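Asks: Please put together the full structure from these sequences, using the hints given.
Residues per chain, in single letters:
2 protein chains.
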Amino acid sequence: MFTLMSILLRSLLGGVAIWAVSAGADEGMWLFSDPPRDRLKQDHDMTLTAAWLQHLQQAAVRFNSGGSGAFVSDDGLVITNHHVAAGSLQKLSDATHDYHRDGFAASTRGDELPCHDLELNVLVAIEDVTSRVEMAVTAGMPPEAAATARRAAMAAIEQESLASSGLRSDVVTLYQGGAYHLYRSKKYTDVRLVFAPEHQIAFFGGDADNFEFPRFDLDICFFRAYENGQPARVPHRLAWSRQPIAEDDLVFVAGHPGHTDRGDTVAELVSMRDRRLPFDLQNLNRLEALYGAYAEEGPEERRQGTADLRGVENGRKARQGILAGLLDPAIMDGRKRAEAATRPWVEAELAGRPSPYARIEEAQAMLDRIAVRHRMFEGATGFNSTFFTNARMILRLTAEQARPSGERLREYRDSNRASLEQRLFSEEPLYDEFEIVKLADSLTFLAAACGIEDELVQKVLAGKSPRDRAGELVAGTTLGRRPAVGDGSTRPDTRRELAAGGAAAVAASPDAMLAVAALIDAESRSLRQAAEAADEIKQQAHADITRARFAREGSAMYPDATFTLRLAYGTVTGSRGSNGDTAADPAGHDDNSSAFTTYGGLFSRATAKRDAPPFDLPPRWQGVRRSLESDEAFLQTHLNFVSTADIIGGNSGSPVVNRAGELVGVIFDGNIDSLVLDLVYDDVRARAVAVDAAGILAALRTVYRADALVRELVAGGGTQR
Amino acid sequence: MFTLMSILLRSLLGGVAIWAVSAGADEGMWLFSDPPRDRLKQDHDMTLTAAWLQHLQQAAVRFNSGGSGAFVSDDGLVITNHHVAAGSLQKLSDATHDYHRDGFAASTRGDELPCHDLELNVLVAIEDVTSRVEMAVTAGMPPEAAATARRAAMAAIEQESLASSGLRSDVVTLYQGGAYHLYRSKKYTDVRLVFAPEHQIAFFGGDADNFEFPRFDLDICFFRAYENGQPARVPHRLAWSRQPIAEDDLVFVAGHPGHTDRGDTVAELVSMRDRRLPFDLQNLNRLEALYGAYAEEGPEERRQGTADLRGVENGRKARQGILAGLLDPAIMDGRKRAEAATRPWVEAELAGRPSPYARIEEAQAMLDRIAVRHRMFEGATGFNSTFFTNARMILRLTAEQARPSGERLREYRDSNRASLEQRLFSEEPLYDEFEIVKLADSLTFLAAACGIEDELVQKVLAGKSPRDRAGELVAGTTLGRRPAVGDGSTRPDTRRELAAGGAAAVAASPDAMLAVAALIDAESRSLRQAAEAADEIKQQAHADITRARFAREGSAMYPDATFTLRLAYGTVTGSRGSNGDTAADPAGHDDNSSAFTTYGGLFSRATAKRDAPPFDLPPRWQGVRRSLESDEAFLQTHLNFVSTADIIGGNSGSPVVNRAGELVGVIFDGNIDSLVLDLVYDDVRARAVAVDAAGILAALRTVYRADALVRELVAGGGTQR
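Just so you know, the sequences run in chain order B and E.
So for the first sequence, our numbering puts the first residue at 1; every next one is plus one.
So for the second sequence, our numbering puts the first residue at 1; every next one is plus one.
Among these hints, one or two may not hold up.
Below, a list of computed lysine-lysine pairs in the DSS-like style, where the Cα atoms sit at most 27 Å apart [claimed, not checked]:
no., chain 1, residue 1, chain 2, residue 2
1, E, Lys336, B, Lys464
2, B, Lys336, E, Lys317
3, E, Lys336, B, Lys317
4, B, Lys459, E, Lys459
5, E, Lys187, B, Lys464
6, B, Lys336, E, Lys336
7, E, Lys317, B, Lys317
Everything labelled a hint here was simulated from the structure, so no lab data went into it.
Quick caveat: nothing in here was measured; it's all calculated off a predicted structure.
Replies: This is the structure we're talking about:
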């Protein structure tokens with residue numbers, strides 16, 4: 001499955017390698033403000049109109065937790081993936097309700113469950129603010145000063161926009177500083193859970209089938225956006241296609257690809273291959289063992305840990321795929337040849353200025369030197385506890401308030417305050433034992449990565465073992481909501497009080513976790529400053545390269561993914577299967593060359609795997625399996641399909657629409673060959689995997705009997721349940 | 001569970017840190033040739049007689065695959081742990097029989113299953129050969145020459161002994177060169193599987209309960225040693241105690257603790273803490289994710305991968321425990337203080353010679369510099385495939401034959417030839433897809449650890465990605481037995497042919513894996529030579545320290561564990577429970593302060609965990625559960641118990657005997673607090689965990705109805721089934 005863990009884990013390092021890419025075939029993650037009109041006309045005889053684009057743009061939804069979705073009724077109903085919803089489902093659950101495992105269906109609107117900290121965004125306006133941002137940085141400015149000035153200009157634009165429009169306002173860096181766009185988004189913060197299937201059917205085949213096709217997952221979830229306590233009346237929503245999608249059809253994907261590295265220079269790719277990915281994998285493998293062991297402790301521990309476990313498994317498999325790409329001479333040599341071909345004329349074009357490639361290489365070397373320490377402290381990899389996350393946020397929130405918005409750490413700018421508080425004050429329950437296990441493990445990793453004799457590490461551990469220290473810190477903090485214990489009592493939660501009390505209240509607080517956040521803050525900030533300065537050098541150099549290429553190659557370029565709204569398109573067509581099962585399927589349902597799988601194929605695969613986990617069906621499905629297996633129409637209904645659309649993590653939950661702009665599917669994954677799309681586009685083997693809209697309706701009708709929901713989807717809303 | 005993975009993974013680096021430790025309380029892993037007679041007399045009023053010792057020594061069995069056991073009938077019946085047997089059970093299984101998961105019971109002796117490569121040893125004679133080994137090394141010899149000379153002396157002694165006695169002969173380094181003993185062992189290579197319970201009951205509670213107490217595992221397995229095609233008539237076997245063991249009883253453990261680090265200097269501990277253990281954990285976490293993902297692919301993949309998965313989970317948890325100990329200031333500061341107190345007078349004693357502590361520190365720094373590369377190439381961590389293991393063994397076997405036995409790599413000495421061939425020609429089936437997955441993963445790790453630009457890494461990968469190269473190498477090798485495919489055809493197995501053909505046949509072979517083994521051989525050998533030279537320096541320095549301590553402190557010392565037979569003793573008594581479940585057990589069966597658990601407690605724990613894996617009972621147990629739950633005598637039968645005996649990994653399967661030398665239990669684990677026994681003894685919280693002999697009989701009688709086996713155990717043999 002596609003998640004945004006990649007972005008989250010990348011932290012700041014290397015997050016700036018955005019790039020203008022020349023596109024071929026069905027390639028491209030295009031800006032809605034600069035769509036590939038000519039290519040679509042030429043290759044697919046499709047004319048993009050402004051109205052068509054605007055409708056799709058404003059029906060598309062960004063899940064701030066990392067993912068995509070779309071409005072599918074006038075009453076604010078949103079479809080996304082179960083795995084995009086995983087965090088929200090987990091946070092809504094408790095020892096007696098496991099919505100992540102068992103699913104959920106609201107009987108009436110009154111039963112819809114308010115999420116603890118979910119924010120949805122809809123992009124409503126795009127404005128080019130490149131010249132204003134560029135003006136802030138003058139020639140010869142040292143990198144630290146340039147980074148600060150750029151940040152200040154962006155914050156000022158955002159603050160003005162927020163004040164004048166009331167909309168969420170983000171200045172987005174595109175084409176690596178070739179362009180800066182102001183994105184204004186309508187924000188929904190009252191979001192409620194409407195329907196989720198069981199995890200077993202949403203993630204049938206588990207980690208084994210993850211990133212594979214043929215595939216059989218009902219990876220969907222429905223939320224509803226509310227405003228003023230009422231279902232939001234939304235101006236744009238996708239109609240549910242009455243015509244199922246078919247082989248060779250043209251489809252469009254509107255979603256939020258998180259991050260790609262197609263514009264990285266070879267120096268950056270080498271660093272990613274030799275340093276960042278091995279470090280990421282080391283971290284993820286460790287967490288996978290840790291969460292797996294915790295989940296084995298018992299049913300309640302499994303409930304608490306499953307969402308995290310799935311997240312790291314997924315992140316591990318995705319990174320293995322990217323690393324495999326970087327270790328594949330066919331790909332790496334291609335990138336080297338391309339750079340060797342481009343570099344001379346780019347450098348010639350910029351005659352008189354130092355080579356941008358050399359500047360990037362130097363800046364990357366600077367980043368490499370501090371990378372591990374930066375990740376451990378500023379990236380908080382050494383402090384894996386939500387209590388710590390809250391402590392740092394409160395510490396910095398209160399400290400940054402004293403400065404002008406433009407001079408603050410970027411996430412603390414005024415225009416981001418509401419979104420930040422949405423996260424900080426999340427009502428998700430925190431479990432002491434799990435927090436201790438995570439923190440003890442990460443403190444151990446900190447000691448290994450930075451050396452236990454390191455002065456700051458010694459101070460953090462305070463003369464205790466990681467396990468003892470973790471226990472002490474969790475016992476000594478009140479920065480989160482704990483579920484009530486057996487006798488109904490609970491511990492206080494002082495987050496709002498401290499945040500409201502400001503720096504003085506924080507300084508006076510006896511909270512142990514807050515003290516640790518304060519203890520490492522100077523070092524963390526200093527590492528961040530160094531990283532941002534190096535990033536600024538890279539950013540300027542990349543902008544130079546981009547401008548040179550723009551000048552020479554003209555348009556038909558799209559920027560690397562940045563978790564902002566993009567338009568992709570492709571053809572519904574199969575690929576060589578990659579899930580390793582070459583045995584013929586007796587039912588013929590999962591022919592590897594087909595673009596589709598069916599419910600019949602689902603049952604065949606469960607049987608072929610002897611219904612052993614992760615190929616077991618949830619109880620509800622087991623209960624109706626016999627009757628479904630005699631329903632030939634149901635068996636032949638499409639469940640999942642693939643296309644050549646150019647997508648990546650963050651696109652999960654993206655609506656797939658036909659030429660008429662009607663919903664025909666929901667992206668939830670790419671196949672194993674698609675993992676290299678981080679580096680290069682491929683339409684021979686790489687495929688985007690979607691849940692088929694027809695399959696969704698069939699399951700809702702036949703298995704879940706969710707009649708009201710089906711009526712709302714088919715009618716497009718307005719039908720009060 | 002205790003396994004010898006620690007030893008296997010440690011490879012050569014750091015494997016020489018053996019030490020003389022002064023003992024207190026029930027501490028000590030004592031030599032049978034120098035048992036703690038005075039302490040036992042004084043503390044427990046127990047007189048050790050020569051006959052008692054000899055009987056126990058010769059009833060004890062070493063599993064060459066890593067573990068311990070004991071003869072329990074005159075007809076060569078051996079008891080050990082299910083997890084010691086795991087590799088053998090796995091190798092005996094195929095796509096239609098999963099003995100590891102489902103267990104096995106031979107109906108008659110004719111049904112007992114011959115193992116593919118299991119070798120058992122019984123220690124029959126011990127001879128002190130210290131002076132002869134020491135004479136080989138003269139003052140001023142450079143380390144490389146000294147290491148070679150020492151190895152030659154040891155090989156000569158072994159070869160002479162083998163020739164004269166016909167017994168397996170090993171010169172064992174004890175007290176770090178303070179002593180060298182020649183161990184002569186009777187060897188059994190025709191070993192057959194008699195009885196194994198299901199994995200689920202042998203490992204009830206899984207990774208969650210592993211290294212914990214209270215505990216409820218029937219972790220046992222029975223084999224039989226054969227000679228000349230007949231059950232071996234053994235002169236010493238343990239009688240099954242008719243009197244169950246009770247609280248506060250004195251018990252003895254005869255087994256093969258694998259490795260301890262109690263004699264390491266602080267410099268060595270720091271290296272272990274900062275380098276070796278983090279590297280081990282990185283490797284194990286990665287393998288845990290890999291094997292876990294492979295097992296999820298389907299039932300057959302789960303069958304192939306489970307034993308490996310359990311092994312790495314176990315190794316990971318054990319290392320986490322040791323690392324936690326090293327990161328615990330209470331333990332590390334204790335070791336620093338002890339060294340600070342000892343070092344001045346040891347150095348004074350050796351006046352005129354350079355400080356042994358400083359020599360060790362220097363040698364350790366040398367080892368640290370090459371450690372990762374040594375592990376990747378010579379340790380074969382970068383080549384994780386049994387095909388590679390076989391390729392290297394054939395390559396080196398044929399190459400080393402040309403040299404005199406004493407000058408060869410130590411494992412290729414003549415006296416070890418038979419044992420080596422037992423491994424090399426194992427009939428275990430190898431599965432191409434699993435071998436490719438393992439090899440691709442380890443080649444990727446090799447590229448990350450040594451750098452993909454490294455010249456040798458480049459040659460290994462031969463211009464391909466790790467996955468492609470792994471596929472090519474596995475497809476291109478015939479050095480192992482593959483199961484027949486669907487049409488009954490199989491690929492050739494050329495191991496015996498090549499080994500018999502010698503260096504010329506190897507040189508002419510087109511085998512791809514053999515070519516890789518040859519490609520990295522020079523570098524691997526050179527790394528090994530450097531490591532052995534550094535080890536020699538450490539060994540001489542440790543010997544100096546040991547001699548100084550012997551001189552000052554006298555006897556009552558025991559050497560660090562070396563996977564040779566040792567005697568431990570202790571008291572049956574509970575500890576503070578450590579499995580994290582503080583909730584009271586309604587049946588009162590797993591009171592944490594008790595030394596015992598019962599079958600009633602087993603059922604209570606399954607119920608408390610809702611029978612969810614890993615707390616589910618196997619089908620056979622579920623079938624009789626209701627009737628067992630109404631059998632109060634069965635419910636109260638002891639299943640597991642703990643004692644203060646000083647044990648560690650390798651002791652798994654060790655017989656626990658009472659004062660009369662009768663079997664009362666079988667060691668299978670230590671509790672979580674026992675993991676630091678690698679570093680220091682503790683009798684407050686650390687406990688050895690055993691399966692109770694009474695509980696074994698009860699299960700065999702009541703659940704398995706294994707009447708013939710029970711008769712043989714109770715009668716002590718002679719009863720033909």
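Asks: Run every hint past the structure and note whether it holds.
Replies: Consistency of the hints with the structure:
1. Lys336(E) / Lys464(B): Cα-Cα ~16 Å, so holds.
2. Lys336(B) / Lys317(E): Status violated; Cα separation ~43 Å.
3. Lys336(E) / Lys317(B): violated, 43 Å
4. Lys459(B) / Lys459(E): Judged against 27 Å, a Cα distance of about 46 Å means the pair is violated.
5. Lys187(E) / Lys464(B): Roughly 48 Å separates the two Cα atoms, so the pair is violated.
6. Lys336(B) / Lys336(E): Roughly 52 Å between the alpha carbons, so the hint for Lys336(B) and Lys336(E) is violated.
7. Lys317(E) / Lys317(B): holds, 23 Å
When the structure is compared with the earlier hints, violations turn up for hints 2, 3, 4, 5 and 6 and for no others.
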